[in-house]
Amino acid sequence: MKSKINFYLIEFAINSLLRQKAKSIFITVVITFLTFLLASVFFITNSIKYELNATLDSLPQITLQDVRGGRIHDIDIKNVEKILAINGVSDASSRVWGYYYFEMLDVYFTVVGIEEFETALTPALASLSEKFDFNSIAMFVGAGVKKKMSERYYKEYFNFIKPDGSMKKVNIAGVFESDLELEANDMIVMSKQNVREIFAMSEERATDISVHVSNPKEIATVAQKIKEQFPSFKVITKDDLKLSYENMFNYKSGVFLALFVVAIFTFFIIIYDKLSGVSSEEKREVGILKAVGWRVEDVLKEKFYEAGIISVFSYLLGIALALAFVYLLQAPLLREIFIGYSDLKVSFRLPFVMDLQTLLLVFFLTIPIYIAATIIPSWRVASLETDEVIR
Amino acid sequence: MIELKNISKIYESNENNRVTALKDVSINFKEGELILLKGPSGSGKSTMLSLIAALSKPTSGEVIVDTKRISKLADTFAATYRRNNIGFIFQKYNLIPNLSVEDNILLPLIPLNLSEDEAQKHVKSVMEKFHIAHKKEIAVKSLSGGEQQRVAIARANVNKPKIILADEPTANLDKELSLKFIEILRELKSQNKTIIVATHDPLFFGLDFVDREIEMLNGELLV
Amino acid sequence: MILSPEILTLLILNAILTFFAIIAFYLSLRIFWKYDKNSSAKSQYELESQSYLAATIIKYIFAIKIPLFLFFIFTLDKLSGSIVGAMCAAGVVDATDYGTPLLMLKILNLYLFAYWIVLHNEDSKDENQPYVREKFAFYCVAFFLFIGEIVLEFVMFDAIDIKSVVDCCGVIYSSSSASYLSYFLNMNQLVLLTLFYTLFLLMFLFYKLKNRYAFTLVNLFFIIVSLITLISFFGTYIYELPTHKCPFCFLQKDYHYIGYILYAFLFLGTFYGLTLAFKEREEGYKLSLFFNSAYTIGVSIYPALYYFKNGVWL
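These protein sequence lines map, in sequence, to chains H, X and R. Using this note's numbering, the letters of the first sequence correspond one by one to residues 8 to 398. Using this note's numbering, the letters of the second sequence correspond one by one to residues 4 to 226. Using this note's numbering, the letters of the third sequence correspond one by one to residues 1340 to 1653.
With the rest of the complex left out, here is chain H (with noise of 0.2 Å):
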């Protein structure tokens, strides 16, 4: 039952393929870009989440918020107090900080406060925190913000508008990287007193506060504990987070794979047609090749191989294209429909990421539907009567 691979009908299909040129090019166009454009989508979509997930890494395992009406209001000091007191919490602190609105840029800034001596903080921030002369009314900014503010001739300093109509003017003390580009690129980091200025954020008052818990296995017990304690308040846990963006990033990969559906059916019947214009110079090989003894197994098994060489071919250049187009051109285009989850346009890096589950994800949408679109049409022709073709 196992019999060794016959080399001769793997060369012979090779060849096949070779003497129907056009057709073959026509067939190698088609999958490729199909599984060009693919691929595509998901190296861009991993590629994204996996900064998001080290972005979201950097979270508070806990965010405390007071909801009013739907929206984030302030939230007392007090409160990190009591929080302090629960069982399993390791640190609490308020965080200060919110989005700047660039009126002619049309853009949004985020803009962080920190404090001296604060321990909560992200490792970016905290080394930030540590070069920073917090009596000085000055700015660190990301990347992003300073090309953004440089092109409204804002060089060395920033006037900020502040609720009642007055400026507060804010020297850019310099630009601060971070592993993170999605995290650096749109962010402003100064003193929290000065946040709250040009918030209009009274001193009893912060943004959120961050939780922190001893044992990350304890978060969801906590975070219950919180709730139980501030029925009123909304608790985000970072779990909650990811959840939430992993099913978004899900709903957008599945409209685009929606998407995709109809675009392989059209794959489907247009390879299926294809296929069934046979050329009489075809029809007469195949009448040649049972004339000499093949049966019709063996031309179907021929025919088989065929599509199997040539869809496994073009797959792999379709993933070798997508590898350049998104890692090395950065998608131009294509990554802009998923890069809408914030409003400045971050000019960041894709990571490279790659995971087998893609592989095999563009695999069965391609090449198993492409051989079955062949299967009818090879059946045809290899069908055909052998008598007439010979005569």
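Incorrect hints may appear among the rest.
Pairs of lysine to any residue, SDA-like flavour, derived with a Cα cap of 25 Å [as the list claims (entries may be wrong)]:
id: 1; chain 1: R; residue 1: K1417; chain 2: H; residue 2: Y57
id: 2; chain 1: X; residue 1: K127; chain 2: X; residue 2: K144
id: 3; chain 1: X; residue 1: K163; chain 2: H; residue 2: L16
id: 4; chain 1: R; residue 1: K1502; chain 2: H; residue 2: Q72
Which residues of chain H face chain R? A few of them, derived with a C-beta cut under 10 Å, are [what the hints assert, rightly or not]:
id: 5; residue: T52
id: 6; residue: F263
id: 7; residue: I271
id: 8; residue: F275
id: 9; residue: E304
id: 10; residue: F311
id: 11; residue: Q364
id: 12; residue: T365
id: 13; residue: L372
id: 14; residue: I376
id: 15; residue: I382
id: 16; residue: I383
id: 17; residue: S385
id: 18; residue: R387
id: 19; residue: S390
Don't read these hints as lab results, they were simulated from the structure. No experiment lies behind these values; they were computed from the predicted model shown. Positions of the beta carbon are idealized from the N, C-alpha and C atoms, including for glycine.
Keeping the supplied structure of chain H fixed, place chains X and R upon it in accordance with the hints.
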């Protein structure tokens, strides 16, 4: 060894167009015989060859080869029978033009999945025997008529068949090449192969190594 | 339904397979009714021609089913990350009422389609085509089971709710759970193991005696006992944890995907064993024994190594 019993073959290209190629033909061929099928075109010679090769099925009657009823075989087994027993030399040669000589000759052997050594052995021996080994890499379309015919003959012999069928083999050859072909036939006969040649080329008539000459007209045998 | 790309891919491919399965079904019915080997009518010739198409489609379905099944398991495993409480595919399978029957149906169908291929190969060797009608009738039956599987798979994925909390394998397969599985897992391990190895040796005995029906029967029991001992005994040595009884966790990367290999051996070994009921084939015996041995040795290595390293059993 080859028996045709009450064979009729009717071609129906459409409703009103029926062509009777063979009418109730019965004939036997013995092993090792070299038979000539003579007659004008349309007399049914090609059809008879086609039936013996199991390339088509009779409308009625039976074809029996070595006690096997090949006329009733399903396509799979007909093909297997053909590749094991028949070597067919077609009038138009039926070679694949863009393939090399070697690849053309190899064709019948491909589905058998032989080892490389065995396949090479078979192909080499027929190429040498029919004197086209020196052109083995060349695409068949670039060969002369005579050379193409030798490729066709080589291919017909590569599977070491017991029966050789030739349909108007000299129709496209000049006298010199035709004579060469006749010599090849002589040699094949000496190997005790059963050979049936359909032809109306007078060069074949009255040859010493021909066992029988059968005349056909309008799908019937002329006795 | 969770609209993940993996699930969508599975559904798309299922749709394609179904489309072709229906064509094959239609052809199979016609062939079963009207195939007459001895007729020289044009319709018979067409039927013959169509039998090649039907056979090709069925072979194609089987060829795709195997990697698709592996991908299915892989998808379940990945889903466990999105469903609270699930740590491996076990939790996902258990998340709905349909999971376990679907899995069993899928495995059954693999056996059935593989069997069809054996039937087809035997039929193709003989000029009298002895099994033509049988094989297509068999396909007609298998077709319904196949459609059942497709529908069930769709229903299951539709029913999975990420917000529901499921049990992980530790709970599902534990001795204290109330499920029917725990009855088997609770049986005396020594008894189960003796049964397992005895069945294995019986296979060799019946091979020597050339009693193929007994051989097949033993293989049938072997499937059941293997699965039980795998979950309750051998698995624990793969995990090196006496309470970790799960048939899915060792499919994961942490265990070098060994699960796929062991299951493959078990499937192949018992499949060849079962085909012997249909026809006596020397190679059937050999292949069955080979793969079953590979499986038995494979699972036995783990406890053996553990004892060797630690001097005690779990």
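S390(H) as an interface hint toward chain R, with CB separation required under 10 Å: Check passed: Cβ of S390(H) comes within 5 Å of chain R, closer than 10 Å.
* To do: Report holds or violated for the interface hint on L372(H), using the least CB-CB distance to chain R and a cut-off of 10 Å.
  => At about 6 Å, which falls below the 10 Å cut-off, the nearest Cβ of chain R leaves the hint on L372(H) intact, so it holds.
- Interface hint compliance - F311(H) to chain R, C-beta minimum distance less than 10 Å: holds (8 Å)
Report task. For the pair supplied as a hint, K1502(R) and Q72(H), confirm whether the alpha-carbon distance does not exceed 25 Å. Result -> holds (23 Å)
- Message: Hint R387(H) vs chain R: min CB-CB distance below 10 Å?
- Response: holds (9 Å)
Regarding the hint that E304(H) lies at the interface with chain R, is the smallest CB-CB distance below 10 Å? holds (7 Å)
Keeping to a limit of 25 Å between CA atoms, is the pair of K1417(R) and Y57(H) held or broken?
Judged against 25 Å, a Cα distance of about 16 Å means the pair holds.
Could you check if I383(H) really has its C-beta closer than 10 Å to a C-beta on chain R? holds (7 Å)
Checklist line | Residue hint I382(H), partner chain R, criterion CB-CB below 10 Å | finding: Hint holds; I382(H) Cβ to chain R Cβ min 6 Å, cut 10 Å.
Hey, does the Q364(H) contact hint survive, CB to chain R under 10 Å?
-> holds (7 Å)
Practice task
Assess, step by step, whether the Cα of K163(X) is no farther than 25 Å from the Cα of L16(H), and give holds or violated.
Solution key: Cα-Cα ~20 Å, so holds.
T365(H) as an interface hint toward chain R, with CB separation required under 10 Å:
Interface hint status for T365(H): holds (9 Å vs cutoff 10 Å).
Violated hints for the displayed structure: none, as all numbered hints are satisfied.
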